[in-house]
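Number of protein chains: 2
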Amino acid sequence: MSHGSTGSEPSEGDLRKTGLALKHDREWDYELDRIVSAVNERDASTVGLQFPEGLKRRGPAVADDLRSLLGDDVHVMISGQPCYGACDLDTYLMRRTDVFVHFGHSPMKESEKIIYVPLFSNVDVTPIMEETIDELPEEDVGLVTTAQHMNRFEEMRSWLEERDYTVHTRRGDERLTHEGQVLGCNYASADIDADQILYVGGGKFHPLGLAMEHPDKRVVIADPVNNVVTVADTEKFMKQRYGAVHRAMDADRWGVVFCTKIGQGRWEVATDIVENNDDAYLITMDEVTPDRLRNFDFDAFVNTGCPRITTDDGPQFHKPMLTPGEYEIAVGNEPLESLSFDTFHGTW
Amino acid sequence: MSHGSTGSEPSEGDLRKTGLALKHDREWDYELDRIVSAVNERDASTVGLQFPEGLKRRGPAVADDLRSLLGDDVHVMISGQPCYGACDLDTYLMRRTDVFVHFGHSPMKESEKIIYVPLFSNVDVTPIMEETIDELPEEDVGLVTTAQHMNRFEEMRSWLEERDYTVHTRRGDERLTHEGQVLGCNYASADIDADQILYVGGGKFHPLGLAMEHPDKRVVIADPVNNVVTVADTEKFMKQRYGAVHRAMDADRWGVVFCTKIGQGRWEVATDIVENNDDAYLITMDEVTPDRLRNFDFDAFVNTGCPRITTDDGPQFHKPMLTPGEYEIAVGNEPLESLSFDTFHGTW
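Protein chains in written order, with our numbering: chain S, 229 to 576; chain Z, 229 to 576.
Don't read these hints as lab results, they were simulated from the structure. Treat each hint with caution, since some may be false.
Identical copies look the same in the list; a pair holds intra-copy or inter-copy alike.
Distance condition first, Cα-Cα at most 25 Å in a straight line; then the derived SDA-like pairs of lysine to any residue [unchecked claim]: (1) K547 <-> V459; (2) K547 <-> G282; (3) K341 <-> G493; (4) K432 <-> M378; (5) K341 <-> T319.
Bound-form chain S, shown alone:
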């Protein structure tokens, strides 16, 4: 097997290292016809559009195209709220528009009101998969990917089967739309009977979570966006987490964050902690940021919202920031060995 073109210059149409920041609108299918049909069917007078951060700059152009297809009496509005997933719907705009379009993520929960437009990547996945063969020595292999590459999932599976792999896939739980899909907070689709898992997709965000959640499995990353093959290494990540837990062991006063985002609330987890610890205080907020928590005089924080803010952004907070499971270790309710990745299940 040859190790291909990882070092060459990107050419026109080459999506390497561009992530979501693509040059041409034609790279994405915004499914405007589907939106227009819904507007007409529902006789809608207001349409709300929500884009994830990397695609917000496309908002005006998409709004333009929509306005040219709709009557002058239909008002198009764009959400300016941060958006990091299907868990993160702009409920303010959603409640105030007749049709609400959420771009870039697959549905976490179907709704009459919401149109989910997934925005599938058109990047070719098999060239980089070719380079994973040496890293996948066993016959059994799990296969997972993200919403962006879901349109090529059957192609991935066939490609592996043609090379005599036994491919294990599963849909995970109701938080996930598709078989083989992973989210930053949910890797239930990798609960399969194989010791090696092939992740096909851009970046290390998802495979690092996957490897944390499944420390017994080898996670091979085929990244068709950056055109690299690597094996997920969670060592730095784990050290950072153990460090946070150790520093929090001395905490006298705890701030317990309840996230108000529609798909990130774990009310019982948050209130259980507060009810069982007189030195714990419940704080409610939507965006959980270092700036917002810096205003509070706590020794440590527990974040019951998005676990990736806790684990990935943890070092940016002025005080130790733990997941609910890590909190139980820090206060002595659980042994250090119980440390595990915090995952999210269910919808809302």
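Please arrange chain Z on chain S, whose structure you already have, making use of the hints.
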């Protein structure tokens, strides 16, 4: 008249240059008895507390004191959302708690649900007023202050009257609770028949807005917090605004921000702009920040939310950010001479 102790070292209990970041909790009266009465009267099981940014670090101590006064079955929660005024209620927490306490601002709108605890400053105001005499040569003087010093308003008035001033005061409009009160976005209480206005209060935020709104009046600042007397000078401020308007004149595409905060929405202002300009797009958000707008590819922005974000923080945005009035100048609907301060009226 002697010019006093502006340069000396602060001593114990001296509030100079400390603003809201005071050392001792006893400096503020959190009116816990009033909160406890309301909880008991309403048989409340949940209490939400909201503090402005500078007082958030007091949150846990106030929650502690409250918890010791209330039964174990009453749950106290603290808002972690940013809060910059009575216009900025945490509606999520308010809707989900039986009693909602908003600290640090006077009521913008009375409500059964909300308890407003104003947190009056205990700083002495007359020593610094003494030093304003030379700056107030005329007999007629307007008097204004902020919510924090409202407890001393009659003392200020008497002090001036004893020195033979004719003191002009007024309540302004329904956005304001008290006679003589100003907000960062509303100076209707200074619509009085005097060419000189004495502002008694901390910082330059309010008097600069006051001088912008009333360019024909001389605004003298008696700052008992920083212990200085100055005269408001809007020149830099005005230059910055003219600069922003000029840069925005070349804009092809406009982002029109509608702020979703309960007391900051001007829906008709926002939609009027969008309906009359094919190159304008409506964006909805709560916190209007440079980070959030950087994701959007517009040439200029109009902020129909808090005018102080536009005028004071304007230079921090990556593209020109205008008030609705400034927008009308930039697109040629109004002459440059019409440039004026953007004020907010009404409640919600």
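Here is how each hint holds up against the structure:
{"no.": "1", "hint": "K547 <-> V459", "result": "neither (31 Å within a copy, 42 Å between copies)"}
{"no.": "2", "hint": "K547 <-> G282", "result": "between (29 Å within a copy, 18 Å between copies)"}
{"no.": "3", "hint": "K341 <-> G493", "result": "both (21 Å within a copy, 24 Å between copies)"}
{"no.": "4", "hint": "K432 <-> M378", "result": "within (17 Å within a copy, 55 Å between copies)"}
{"no.": "5", "hint": "K341 <-> T319", "result": "both (11 Å within a copy, 23 Å between copies)"}
Consistency note: the structure conflicts with earlier hint 1 alone.
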